[in-house]
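Line by line, the protein sequences give chains P and F. Mapping to this note's numbering: the first sequence position 336 is 336, numbers consecutive. To convert, count from 1 in the second sequence and add 1000; that's this note's numbering.
Hint data in this document are derived by calculation from the structure and do not stem from the laboratory. A portion of the hints provided could be inaccurate.
[As the list claims (entries may be wrong)] FRET-style restraints, in silico, Cβ to Cβ:
no.	chain 1	residue 1	chain 2	residue 2	range
1	F	C1010	P	S25	22 to 28 Å
2	F	K1041	P	T24	32 to 38 Å
3	P	P267	F	N1045	22 to 28 Å
4	P	K138	F	N1045	38 to 44 Å
5	F	E1057	P	R176	23 to 29 Å
6	F	C1010	P	R176	46 to 52 Å
[Claimed, not checked] Distance condition first, Cα-Cα at most 25 Å in a straight line; then the derived SDA-like pairs of lysine to any residue:
no.	chain 1	residue 1	chain 2	residue 2
7	F	K1004	P	E234
8	P	K352	P	M363
9	P	K326	F	K1041
10	P	K221	F	E1020
11	P	K201	F	G1016
12	P	K257	F	K1076
13	F	K1026	P	N239
14	F	K1076	P	E234
Beta carbons: idealized from backbone N, C-alpha and C, even for Gly.
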Amino acid sequence: MKILIIGGGTGGTILANNLARRLTSELKSGKARIIMLSASDKHMYQPGLLYLAIGRMTPDELYRDQASLLEPGILFQVDPVEEFMLDDNRVRTRSGKTHDYDILVIATGSRMFPEGIPGLAEHAETFYTEESALKMLKRLQSFEGGKVVIAVGVPHKCPMAPLEITFMLHDYFKDRGLGDKVQLHYTYPINRVHSLENVAKWAAPEMDRLGITYETFFNIKEVDGEKKILHSEEGVEVNYDLLISIPAHKGMEVLEKNDLGQNGWIPTNRTKLNMEGRSNVFVCGDTSNIPISKAGSTAHFEADTLGENIAAIVKMGAPVREYDGKVFCFIEAGKDRATYAMFDYQAPPDPKAPTKAVHWFKMAYNQLYWVSARGLL
Amino acid sequence: MAEKKIVDACGSFCPGPLMELIVALKSSQIGDELEVLSSDKGSANDIPEWVRKVGHEYISATEADGVWHITIRKSK
């Protein structure tokens, strides 16, 4: 049985390693094969970008060679897929090769799409790529005071990132002695400061306490970079001296081009994780249209489910468990305090008061991630 | 001439239906009616509240077979 995994990010990598360990004898005997196709030979720890943007991690800390993370027995190729021929159980890659499969897993992730808002890409700082995070760091380092607006679009990768960067910036400027010269202002598209209600209930008083102002029901319409004004769909104008954006995201362009889902999000069964209408195509991580957080932990827990199920399909012909919607997110509440949100389809999150202990656990996880990617944690 | 548009956001959860309404409004004319279909109960609160803030006309919200039908008119 040939298992083809498209994408070498968190979900694809954990799944491939999980499967390779479950199918050791099948891989040796040739009964099963695992092939991973990725766009890069590097693996990035994407949550590290948040720290890179404020000078608390360096670029080299974010990367490992993808091949070094994979179990022996996984055939890894840097050759991204350009065409999906799902009716024929086949894909075609950039190099022109075709790959047949019995089981396909699409785990291509998501990308920020600032180009969807006029002026946003040109005038806002962000931190969703190494390049943009380094650019943001330089802007922060030369910023000496004024109004900093953190403007959020949805959906976006890493559900807690808007809150984390806001709280971390508060402490960053305070440490630089600019606490009384910087006003932080946060905007969010719906009528509370976070899409998860209990997270919003925790975060809004925290912002009040720190003197961070916010405006809800603020959907970014356009940015006037000359006048330094942010316009909303609701007709509100916000002046800024420094604009930091969490732009709305899309799925990968190749999925849109292949008509696999609106905006690149693949319609996916929320418990079985198969692509709607396809029993041998599975979706892992940000790529799905499941209405839960687009987070590394989501991809991780989905990969655990898929690893067990695909191995069971190989060994017994049928999957054995369902994904319960589990997500776990740390929430940095400043430079040295953090809390967390853990939730699933049935139980909403309930963030507690931030502590130093949770912050240090997050610091440890920034290193432990590489064990996690190998499917060991 | 004013039109009536259906914005089918079933299967999408907060804030998805509101986002889909905002996109649909951009390609609508003043006077057009838009009916959002949402399986997320929260939409029945969020969308009318947003519509009032922005200054469009909120017409109705009804529920049938687990689907909320929220109708508004573009006013500006």
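Q. Any hints this thing doesn't respect? Which numbers, in order?
A. Violated hints: 1, 2, 5, 12; rest satisfied.
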